[in-house]
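Trainee: Sequence:
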Amino acid sequence: MAGKIGERRQKLPLRYPFRKAVHKLREACLSREDYDPATLFVWGQMMAMGVLRMLEAVEQRFGAEGQEVCRSAINEVGRQIFFDMASGIEVPKGLSKIEVASLLASWMNEVLYCSIEDAYITNENEGGCHIIYCPHQDVYKPFECRVQRYFVEGVLQGARELWRDKADFDVFFRRSIPQGYETCLFEFKPREGKGDPWRQYSEDLQRRALKHVKKKK
169 MAGKIGERRQ
179 KLPLRYPFRK
189 AVHKLREACL
199 SREDYDPATL
209 FVWGQMMAMG
219 VLRMLEAVEQ
229 RFGAEGQEVC
239 RSAINEVGRQ
249 IFFDMASGIE
259 VPKGLSKIEV
269 ASLLASWMNE
279 VLYCSIEDAY
289 ITNENEGGCH
299 IIYCPHQDVY
309 KPFECRVQRY
319 FVEGVLQGAR
329 ELWRDKADFD
339 VFFRRSIPQG
349 YETCLFEFKP
359 REGKGDPWRQ
369 YSEDLQRRAL
379 KHVKKKK
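Counting along the sequence shown from 1, when you hit position 182 you're at 350 in the working numbering, and nothing is skipped either side.
Be careful, since some hints might not be right.
Claimed, not checked - Here are the simulated DSS-like pairs of lysine-lysine, each with C-alpha atoms no more than 27 Å apart in a straight line: (1) K309 / K382; (2) K172 / K192; (3) K309 / K379; (4) K357 / K261; (5) K261 / K362; (6) K334 / K357; (7) K334 / K362; (8) K179 / K334; (9) K188 / K172; (10) K261 / K379; (11) K261 / K179; (12) K172 / K379; (13) K172 / K261.
Said to hold, decoys possible - FRET-style restraints, in silico, Cβ to Cβ: (14) R376 / V237: 12 to 22 Å; (15) F311 / R194: 29 to 39 Å; (16) P181 / R221: 34 to 44 Å; (17) T207 / G171: 27 to 37 Å.
Hints in this document: simulated from the structure, not taken from any laboratory.
We put the CB at the ideal spot given by N, CA and C, even for glycine.
Given these sequences and hints, build the entire structure.
Mentor: The structure is reproduced here in structure tokens:
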């Protein structure tokens with residue numbers, strides 16, 4: 169069962185991104201009894217759908233080149249968000265690669281994606297997390313989740329730049345709630361070789377997306 173939200177991720181003492189804006193939100197909005205936090209959800213979904221539809225329109229008009237421009241831009245957002253969270257913070261000594269992967273995933277799941285997770289570590293070579301609730305689960309169709317992969321790519325890129333060998337792990341997508349499963353499932357393993365399974369699967373989805381575009385023409 170999932171523990172208390174925010175509890176386990178404190179083992180990796182990162183920070184909230186956009187800290188000044190978060191402070192203002194709590195001070196000006198969340199402190200009011202008449203402010204409904206669900207409006208943040210509605211606003212966030214509008215932004216998420218805007219990014220998705222923009223990607224689809226660029227794919228339709230500009231093909232693979234436009235697709236890669238969008239991917240790179242979203243990658244950079246994820247990368248900068250990671251630096252905002254982690255710059256100047258050392259990974260605690262004694263954490264294995266799987267523990268670092270799992271705790272970073274908790275920060276991504278609970279803070280960047282305001283999701284509820286059930287994390288697990290099987291052994292020093294394998295861990296993962298079930299997403300019990302994701303804010304996109306009742307809005308996205310199964311194939312539409314792909315756009316969120318690009319943010320994760322950027323976070324992982326930033327982690328590998330800043331943490332070097334301590335971030336030498338891979339992340340694997342296994343299934344999602346929009347596909348009809350009870351949870352989304354992600355797994356983590358120490359990196360083997362120079363390949364990047366997360367990016368490789370993203371590229372497979374990109375090719376599939378372009379095939380869909382060609383069928384529409």
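Trainee: Hints first: check each against the structure and report whether it holds.
Mentor: Results of checking the hints against the structure:
1. For the hint linking K309 to K382, the alpha-carbon distance of about 20 Å falls within 27 Å, and the restraint holds.
2. Of the pairs offered as hints, the one joining K172 and K192 holds, with about 25 Å between alpha carbons and a cut-off of 27 Å not exceeded.
3. About 17 Å separates the Cα atoms of K309 and K379, which keeps this hinted pair within 27 Å; it holds.
4. For the hint pairing K357 with K261, the CA-to-CA distance comes to about 19 Å; that is within 27 Å, so the pair holds.
5. Restraint check: the Cα-Cα separation between K261 and K362 comes to about 25 Å, which is no more than 27 Å; the hinted pair holds.
6. Of the pairs offered as hints, the one joining K334 and K357 holds, with about 12 Å between alpha carbons and a cut-off of 27 Å not exceeded.
7. Taking the CA atoms of K334 and K362, the gap is about 15 Å. The hint holds against a cut of 27 Å.
8. Between K179 and K334 the alpha-carbon distance is near 15 Å, which keeps this suggested pair within the 27 Å criterion.
9. For the hint linking K188 to K172, the alpha-carbon distance of about 25 Å falls within 27 Å, and the restraint holds.
10. For the hint linking K261 to K379, the alpha-carbon distance of about 47 Å lies beyond 27 Å, and the restraint is violated.
11. For a cut-off of 27 Å, the pair hint linking K261 to K179 stands: about 11 Å separates their Cα positions.
12. A distance of roughly 43 Å separates the Cα atoms of K172 and K379; the hinted pair therefore is violated under the 27 Å criterion.
13. For the proposed pair K172 and K261, the alpha carbon gap of about 24 Å is at most 27 Å, so the pair holds.
14. The given range of 12 to 22 Å is respected by R376 and V237, whose C-beta atoms sit roughly 19 Å from each other.
15. Checked against the hint of 29 to 39 Å, the C-beta distance between F311 and R194 comes to roughly 36 Å, which is consistent with it.
16. At about 37 Å, the CB distance of P181 to R221 agrees with the hint of 34 to 44 Å.
17. The beta-carbon spacing between T207 and G171, approximately 28 Å, falls within the hinted interval of 27 to 37 Å.
The earlier numbered hints that this structure contradicts are 10 and 12.
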